[in-house]
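S.K.: Chains as they are written, first to last, in our numbering: chain A, 1 to 239; chain B, 240 to 517.
Hints should not be assumed to be uniformly reliable.
[Unchecked claim] 30 Å max Cα-Cα, derived BS3-like pairs, lysine-lysine:
hint : chain 1 : residue 1 : chain 2 : residue 2
1    : A       : Lys-45    : A       : Lys-178
2    : B       : Lys-515   : A       : Lys-219
3    : A       : Lys-82    : B       : Lys-515
4    : A       : Lys-118   : B       : Lys-280
5    : A       : Lys-118   : A       : Lys-82
6    : A       : Lys-176   : A       : Lys-118
7    : B       : Lys-515   : A       : Lys-74
8    : B       : Lys-272   : B       : Lys-508
9    : A       : Lys-118   : B       : Lys-272
10   : A       : Lys-178   : A       : Lys-17
11   : A       : Lys-74    : A       : Lys-180
12   : B       : Lys-515   : A       : Lys-217
13   : A       : Lys-17    : B       : Lys-515
14   : A       : Lys-78    : B       : Lys-508
15   : A       : Lys-74    : A       : Lys-44
16   : A       : Lys-82    : B       : Lys-272
17   : B       : Lys-508   : A       : Lys-82
18   : B       : Lys-280   : A       : Lys-38
19   : B       : Lys-515   : B       : Lys-276
20   : A       : Lys-217   : A       : Lys-74
21   : A       : Lys-44    : B       : Lys-515
22   : A       : Lys-217   : B       : Lys-508
23   : A       : Lys-181   : A       : Lys-118
24   : A       : Lys-182   : A       : Lys-78
25   : A       : Lys-45    : A       : Lys-82
26   : A       : Lys-82    : B       : Lys-276
27   : B       : Lys-515   : A       : Lys-78
28   : B       : Lys-508   : A       : Lys-17
29   : A       : Lys-118   : A       : Lys-219
30   : B       : Lys-515   : A       : Lys-38
31   : A       : Lys-44    : A       : Lys-181
32   : A       : Lys-45    : A       : Lys-17
33   : A       : Lys-44    : A       : Lys-180
34   : B       : Lys-276   : A       : Lys-118
35   : A       : Lys-74    : B       : Lys-276
It should be emphasised that the hints constitute simulated quantities derived from the structure, not laboratory data.
What follows is each chain in one-letter form.
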Amino acid sequence: MMGQSIIVEDVSLSFPKKKSILQMLKKSDTSSFLALDKINFSVKKGEVVGIIGRNGCGKSTLLRIIAGIFSPDKGTCKSAGKISLLAGLGTGFTGHLTGRENAFLYGSILGHEQAVMKELMDEIIAFSELESFIDEPLRTYSAGMKARLGLAVASALNPEILLIDEVLGVGDPVFKEKSKKKILDMVSEAGTVVIVSHSFGLMTSICDRVIHMSDGKIKFIGEPQEAISSYYASEEGRK
Amino acid sequence: MDIQLTEVGPKTSFFTAPVSSLSILFSHRFLIKNLLKRETKGRYNNSFLGYSWTVLEPALLSSVYYFLFIMLADNPDRLYPVWVIIGVIVWTCFGKCLQATVTSLTRNASTIHLVYFPRIIFSYSTVGSTIWTTVMSSFVLIPLLFIYDIQISWQLLLVPLAIFLAAFNAIGFGLLLAPANCINRDIEHLIRFIVRAGFFVSPVMWTWGMAVERGWAADVVLWNPMVFPITLARDGFLGHVTEFPLNGMMISVGWGVLMWVIGSALFSKYEHSAVKYL
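Build the full structure now, drawing on both the sequences and the hints.
M.R.: Given below as structure tokens:
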């Protein structure tokens, strides 16, 4: 097939439950938890796909399969181009390093080259609005400042496929608007995007298709509005 | 032009894993540089003496062992305090490297859950920072050269080589056990015990020469891969290349290489299933 960016075929993944040696000796069949159950879907190049579902339904795990963090027990996941996962802004942030050093560390964790980071540094400082604070240790930063620095570095990514896992909603209202705008910019630049969010308003406005997941299975794929109805219908059913 | 679809995740061959781990290190050198910076800067963070601790720690520790030893056996070798310091430095490097590699996945669980890069990078960068601080701590030997009136020679370079060898002996074994430690943390407790017990089994408080004096002991001790690095460093300090038996050297280096090959291969094979336990 032409123009496909991500193809997920029959992917299953189960997480083992932690056991101590004593429990391992006693064999029991509840030793693992099926997080993803035969997931099939594909994303076309340039398409924005959302994933919704209640907490623990496997949305984030599915993103991590696509990002290569977990490898599936069964099935395959194929992708075309450089993938970046935007989740938990500020991975590896360390209190005793300065803002600048942390930016370099986080940037390198996300896969930037040194030359690229040096080039982007001014832009990062400007976007994070840290100014002279950039050379102070990170432990002196407020939570909002850390979030701004994290987003500034992460948004400098330029992947072919962008995966977003609930990163909105930190900082003051002005910065919140700014970060939302930045993420929307990234979405339009990246082309192919898979986004996990609980914000249905955002999903209907930017997604071409939305996947509704429940208990590790795909319940529905299609028009955002219909996926949201499918979500509410299944939530009603639970009550 | 469309980019080809490829399967997600690394496809390192089991047999080329040790070699490909080296190319991974090269291609991720910027990341490693930053991780090293984090570890070395963090180690003595918020301390007045800072890096001096790398020198103070082995010096203080050795003085304790020295008094212990002259209480147990009187009239030791004039250079005995130096032998203990070198023993402590090289052995501590091995112990720290081993513990750091075994826990390299578990300590970095939060990063592993958020981004993918070959996880062997965590192991190598933590070993790198340990080698760095150990080389720093070996500067304690420079004043000792003057105190004991020993000629400065090129053989002093055997000291950092011995430190590197000690770290290399640890990394393979550590890589082998790191995925297993994700599944069961008993491994890291076991390793902590091995490091403590190994302190006495290895020539930290005694020397290869003392083992040779006892005859049969030398044949047993030869099988400990840490005897060679420690002896190499001690002989280097005195300004001569070691007279350690060749078969002992081969056991030590052979163990290091064998464990590194097996450890790298098993690490790359099991890292993916192991991270699910984190």
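S.K.: For every hint, state whether the structure bears it out.
M.R.: Against the structure, the hints:
As the CA atoms of Lys-45 (chain A) and Lys-178 (chain A) are separated by approximately 27 Å, the hinted pair is consistent with the 30 Å bound. Between Lys-515 (chain B) and Lys-219 (chain A) the alpha-carbon distance is near 25 Å, which keeps this suggested pair within the 30 Å criterion. Restraint check: the Cα-Cα separation between Lys-82 (chain A) and Lys-515 (chain B) comes to about 23 Å, which is no more than 30 Å; the hinted pair holds. In summary, the hint linking Lys-118 (chain A) to Lys-280 (chain B) is supported, as the alpha carbons are separated by about 21 Å, within the 30 Å threshold.
Note on Lys-118 (chain A) and Lys-82 (chain A): the hinted pairing holds, with a Cα-Cα distance of about 21 Å set against a maximum of 30 Å. Note on Lys-176 (chain A) and Lys-118 (chain A): the hinted pairing holds, with a Cα-Cα distance of about 26 Å set against a maximum of 30 Å. For the hint linking Lys-515 (chain B) to Lys-74 (chain A), the alpha-carbon distance of about 14 Å falls within 30 Å, and the restraint holds. Between the alpha carbons of Lys-272 (chain B) and Lys-508 (chain B) the distance comes to roughly 26 Å, so the proposed pair stays at or under 30 Å and holds.
The suggested pairing of Lys-118 (chain A) with Lys-272 (chain B) holds, with an alpha-carbon distance near 14 Å, which does not exceed 30 Å. For the hint pairing Lys-178 (chain A) with Lys-17 (chain A), the CA-to-CA distance comes to about 41 Å; that exceeds 30 Å, so the pair is violated. A C-alpha spacing of about 36 Å is found between Lys-74 (chain A) and Lys-180 (chain A), which places the hinted pair above 30 Å, so the restraint is violated. For the hint linking Lys-515 (chain B) to Lys-217 (chain A), the alpha-carbon distance of about 19 Å falls within 30 Å, and the restraint holds.
As the CA atoms of Lys-17 (chain A) and Lys-515 (chain B) are separated by approximately 9 Å, the hinted pair is consistent with the 30 Å bound. Pair hint Lys-78 (chain A) plus Lys-508 (chain B) holds up; C-alpha atoms about 20 Å apart against a cutoff of 30 Å. Between Lys-74 (chain A) and Lys-44 (chain A), the direct Cα distance comes to roughly 23 Å. Compliance with the 30 Å bound is thereby established for this hinted pair. Straight-line distance between C-alpha atoms of Lys-82 (chain A) and Lys-272 (chain B) comes to about 23 Å, which keeps the hinted pair within the 30 Å bound.
About 23 Å separates the Cα atoms of Lys-508 (chain B) and Lys-82 (chain A), which keeps this hinted pair within 30 Å; it holds. Note on Lys-280 (chain B) and Lys-38 (chain A): the hinted pairing is violated, with a Cα-Cα distance of about 46 Å set against a maximum of 30 Å. For the hint linking Lys-515 (chain B) to Lys-276 (chain B), the alpha-carbon distance of about 28 Å falls within 30 Å, and the restraint holds. Only pairs whose Cα atoms come within 30 Å are accepted, and Lys-217 (chain A) paired with Lys-74 (chain A) is accepted, the gap being roughly 14 Å.
A C-alpha spacing of about 29 Å is found between Lys-44 (chain A) and Lys-515 (chain B), which places the hinted pair at or below 30 Å, so the restraint holds. As the CA atoms of Lys-217 (chain A) and Lys-508 (chain B) are separated by approximately 28 Å, the hinted pair is consistent with the 30 Å bound. The straight-line distance between the Cα atoms of Lys-181 (chain A) and Lys-118 (chain A) is roughly 24 Å, inside the 30 Å bound, and the hint therefore holds. The straight-line distance between the Cα atoms of Lys-182 (chain A) and Lys-78 (chain A) is roughly 28 Å, inside the 30 Å bound, and the hint therefore holds.
Using a Cα cut-off of 30 Å, the hinted pair Lys-45 (chain A) and Lys-82 (chain A) holds, with the two alpha carbons roughly 13 Å apart. This hinted pair checks out: Lys-82 (chain A) and Lys-276 (chain B) have alpha carbons roughly 27 Å apart, not beyond 30 Å. For the suggested pair Lys-515 (chain B) and Lys-78 (chain A), the alpha carbons sit about 20 Å apart, so the restraint of at most 30 Å is met. Between Lys-508 (chain B) and Lys-17 (chain A), the direct Cα distance comes to roughly 21 Å. Compliance with the 30 Å bound is thereby established for this hinted pair.
The suggested pairing of Lys-118 (chain A) with Lys-219 (chain A) is violated, with an alpha-carbon distance near 45 Å, which exceeds 30 Å. For a cut-off of 30 Å, the pair hint linking Lys-515 (chain B) to Lys-38 (chain A) stands: about 18 Å separates their Cα positions. Pair hint Lys-44 (chain A) plus Lys-181 (chain A) holds up; C-alpha atoms about 24 Å apart against a cutoff of 30 Å. Distance check on the hinted pair: Lys-45 (chain A) and Lys-17 (chain A) sit about 37 Å apart at the alpha-carbon level, beyond 30 Å; violated.
For the given pair, Lys-44 (chain A) sits about 24 Å from Lys-180 (chain A) by alpha-carbon distance, which is consistent with the 30 Å threshold. Between Lys-276 (chain B) and Lys-118 (chain A), the direct Cα distance comes to roughly 17 Å. Compliance with the 30 Å bound is thereby established for this hinted pair. Taken as a hint, the Lys-74 (chain A) and Lys-276 (chain B) pair is broken in the structure, with Cα atoms around 39 Å apart against an allowance of 30 Å.
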